[in-house]
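Given chain F, put chain P in place with the hints provided.
Line by line, the protein sequences give chains F and P. Residues 1 to 549, numbered by the working numbering, are exactly what the first sequence covers, in order. Residues 1 to 109, numbered by the working numbering, are exactly what the second sequence covers, in order.
Don't read these hints as lab results, they were simulated from the structure. Glycine included, C-beta positions come from ideal geometry on N, C-alpha and C. Possibly wrong hints are sitting among the right ones.
Stated by the list, open to error - Cut-off 25 Å, straight-line C-alpha distance, at most; resulting in silico cross-link-like pairs (BS3-like, lysine-lysine):
hint : chain 1 : residue 1 : chain 2 : residue 2
1    : P       : K22       : F       : K288
2    : F       : K288      : P       : K20
3    : F       : K330      : F       : K348
Stated by the list, open to error - DEER-style ranges, computed between Cβ atoms:
hint : chain 1 : residue 1 : chain 2 : residue 2 : range
4    : P       : K20       : F       : A528      : 17 to 25 Å
5    : P       : S45       : F       : Q426      : 37 to 45 Å
6    : P       : L30       : F       : A235      : 44 to 52 Å
7    : F       : D328      : P       : D63       : 47 to 55 Å
8    : P       : Q27       : F       : R141      : 29 to 37 Å
9    : F       : F494      : P       : S45       : 26 to 34 Å
What the hints assert, rightly or not - So the derived list for chain F, only partly shown, Cβ under 7 Å to chain P, looks like this:
hint : residue
10   : F115
11   : P257
12   : D532
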Amino acid sequence: MKRLFALLALSPLLANAAPITAEKQPLNLHAIGMFFIFVLATLLITWWAARRTRSAADFYSAGGGITGFQNGLAIAGDYMSAATLLGLSSLVFAKGYDGFVYIIGFFVGWPIVTFLMAERLRNLGRYTFADIVSYRLDQTRVRSFAALGSLTVVCCYLVVQMVGAGQLIKLLFGLDYRTAVVVVGLLMLVYVIFGGMLATTWVQITKAVLLLAGGTTLVLMAMSRFDFSFETLAAQAVAVHASGVQIMGPGTLLADPINAVSLSLGLVFGIAGLPHILMRFFTVPNAKEARKSVLFATVFIGFFFLVVCVLGYTAIVIVGTDPQYYVDGKLGGAMIGGGNMVAMHLAKAVGGNLFLGFLSAVAFATILAVVSGLALAGASAISHDLYASVLKKGKADEKKEMRVSRIATVCLGIVAISLGILFEGQNIAFLVGLTFGIAASANFPVLIMAMYWGGLTTRGALYGGLTGLVSALALVICSPSVWVGVLGHAQALFPYDQPALFSMPLAFLVIVVASKLDRSERADRERAAYADQFVRAQTGLGASMASSH
Amino acid sequence: MTTDHPNHAHTCAQVRANPKFKHLTRQRALLAWSLSGVVLAIYYSFIMVVAFVPAWLHLPLYDGSHLSLGMPIGVTIILLSWLLTAWYVHTANTRFDVLSSQILQETHA
Chain F
1 MKRLFALLAL
11 SPLLANAAPI
21 TAEKQPLNLH
31 AIGMFFIFVL
41 ATLLITWWAA
51 RRTRSAADFY
61 SAGGGITGFQ
71 NGLAIAGDYM
81 SAATLLGLSS
91 LVFAKGYDGF
101 VYIIGFFVGW
111 PIVTFLMAER
121 LRNLGRYTFA
131 DIVSYRLDQT
141 RVRSFAALGS
151 LTVVCCYLVV
161 QMVGAGQLIK
171 LLFGLDYRTA
181 VVVVGLLMLV
191 YVIFGGMLAT
201 TWVQITKAVL
211 LLAGGTTLVL
221 MAMSRFDFSF
231 ETLAAQAVAV
241 HASGVQIMGP
251 GTLLADPINA
261 VSLSLGLVFG
271 IAGLPHILMR
281 FFTVPNAKEA
291 RKSVLFATVF
301 IGFFFLVVCV
311 LGYTAIVIVG
321 TDPQYYVDGK
331 LGGAMIGGGN
341 MVAMHLAKAV
351 GGNLFLGFLS
361 AVAFATILAV
371 VSGLALAGAS
381 AISHDLYASV
391 LKKGKADEKK
401 EMRVSRIATV
411 CLGIVAISLG
421 ILFEGQNIAF
431 LVGLTFGIAA
441 SANFPVLIMA
451 MYWGGLTTRG
461 ALYGGLTGLV
471 SALALVICSP
481 SVWVGVLGHA
491 QALFPYDQPA
501 LFSMPLAFLV
511 IVVASKLDRS
521 ERADRERAAY
531 ADQFVRAQTG
541 LGASMASSH
Chain P
1 MTTDHPNHAH
11 TCAQVRANPK
21 FKHLTRQRAL
31 LAWSLSGVVL
41 AIYYSFIMVV
51 AFVPAWLHLP
61 LYDGSHLSLG
71 MPIGVTIILL
81 SWLLTAWYVH
91 TANTRFDVLS
101 SQILQETHA
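The shape of chain F in the complex, shown without the other chains (with noise of 0.2 Å):
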């Protein structure tokens, strides 16, 4: 039972990495097509992004001109990823209620960020978070650790949509693995290299209208069969899903509280400390854009997250009575093309082939997107944090700054390659709960810290961030996914498989400590500083005004 909540709390996160076993399918043309006016669409914003890609501002933050509503588009985008359209959609298909549970959790940690983080984090920090939480620390020891923070859970997140994209391509175009891997690689190396934020912004946005647009349109079409009435639709799902009137309430899925808590402290904090959506905020002019761009990136996720709802229930009933969707025609038995492809079903089944090649498009869109932004997250964390600040001191010739960070991408792109070639077939659920688990447990912690709590020492920072990273990992793999799943043991050591809801504490609890433990003349000196720091945060006092375009 345990390992069933398991694998089902954590679908949605890895759809894409969920049909282990998923066979290649014949080439779909119209996919293909598409795909392909998608790919001309974004290398030429490429090219456009490139000629305004000049400076280092410009390939971090996109020069700061970005507005707000665009930024809300972008990191709509960021979040919106194949995984929620195609997972949750699933979920709902399979559990009814408990999927809408899981996307609530999903959607509820916006609101925290804007009330708490969106303007501190635009008046505070100038390319990467880790600027924020070394503004008045030790710029060598915590921009080491922010660095480590981000690049963790990059290659984590990297490796899961890598993954991802070699089996949902598989699926959807009929190409092979190893080539879909290399081609979103090389994709994402051309928009990041060449284009910069500014790139990888307007691909976001493309793709996020694109997604918004499809996922709107599938539903209209979806409803229409039935009268756009919801009671018609829960009528038939009840009438024909295995569960029956169950799936209108909470069913098993979160049964074990203390792991339903877990994960949602995960997911809700975990989006205040994922370095691709943190970046975001420093692409806009000022934090009243800030502002704007959450409340935007709320308001289409949440939109979002219900379609995905609605389109789980339509398929209850449209895919689900259909046998030409599942293997060998048995109805309930495994779907074609696995789980996690009720969406494209639907897709199929009311929109026809040329919708499903849209669709499939589309999702493939959204991957190469989210990739582009963790491998600017990443290669910023190296280039900036890493190379300009800690080994150059602040010092470092933009020129060489700019070529390190394009070094950096190359690197992580075949890092990302090789690991997605790696861990094909592979189970890398465990992944993903170390990536929302490290982001909610060690990045976010010291962020907020850094922000709120004056007393913060550059020692609480490190002991309590790098608390929270090890005993995430530890916890991680002593869960039952990676004990008994990947590592063959017969029984879990810790037998939840979100740590959120101890090693996330636990890192506060080390911050507050090792802060307050700290007499050192630094920890005086970095405590008085807080006066000012405490002034910029709120007016903007200072904080770059970086707009060149």
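Chain P only, in chain F's frame:
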């Protein structure tokens, strides 16, 4: 990251001395933390109901309906999050930003 401005420390001290600054920070903290509290309280109450009294959410929306009470409650959580976010952003972008720019102007004067 240091600020290039030579009188930065002096300016910051001036800002802190301004009574409007204290007002701004108090108002902002009050709004931001209470809204966060509201959102988290709503969400975690919901999770507790899901975990401990799921039957409540199974109740039919109205007599004879196949829709459950859980549906509008879930949608309401998302709608409320929108409204509260919009409220904060509106207040911050109008009232707080005006106050903040007044403070900065008075400081430079």
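For each hint, the structure was consulted:
Proximity of P/K22 to F/K288 is assessed by CA-CA distance (about 20 Å); at most 25 Å being required, the pair is judged to hold. Taken as a hint, the F/K288 and P/K20 pair is honoured in the structure, with Cα atoms around 19 Å apart against an allowance of 25 Å. Of the supplied pair hints, the one linking F/K330 and F/K348 holds, its CA atoms being roughly 18 Å apart against a limit of 25 Å. The beta-carbon spacing between P/K20 and F/A528, approximately 23 Å, falls within the hinted interval of 17 to 25 Å.
For P/S45 and F/Q426, the Cβ-Cβ distance of about 39 Å falls inside the hinted range of 37 to 45 Å, so the restraint holds. Restraint check, P/L30 to F/A235: a C-beta distance of roughly 47 Å satisfies the suggested window 44 to 52 Å. The hinted range of 47 to 55 Å is not satisfied by F/D328 and P/D63, whose Cβ atoms lie roughly 42 Å apart. As the Cβ distance of P/Q27 to F/R141 is approximately 36 Å, the hint placing it in 29 to 37 Å holds.
Checking the proposed 26 to 34 Å range against F/F494 and P/S45 shows it holds: the Cβ atoms sit about 28 Å from each other. Interface restraint check for F/F115: the shortest CB-CB distance to chain P comes to about 4 Å, inside 7 Å, so the restraint holds. Interface restraint check for F/P257: the shortest CB-CB distance to chain P comes to about 4 Å, inside 7 Å, so the restraint holds. Taken as an interface hint, F/D532 checks out: its beta carbon lies about 4 Å from the nearest beta carbon of chain P, inside 7 Å.
When the structure is compared with the earlier hints, a violation turns up for hint 7 alone.
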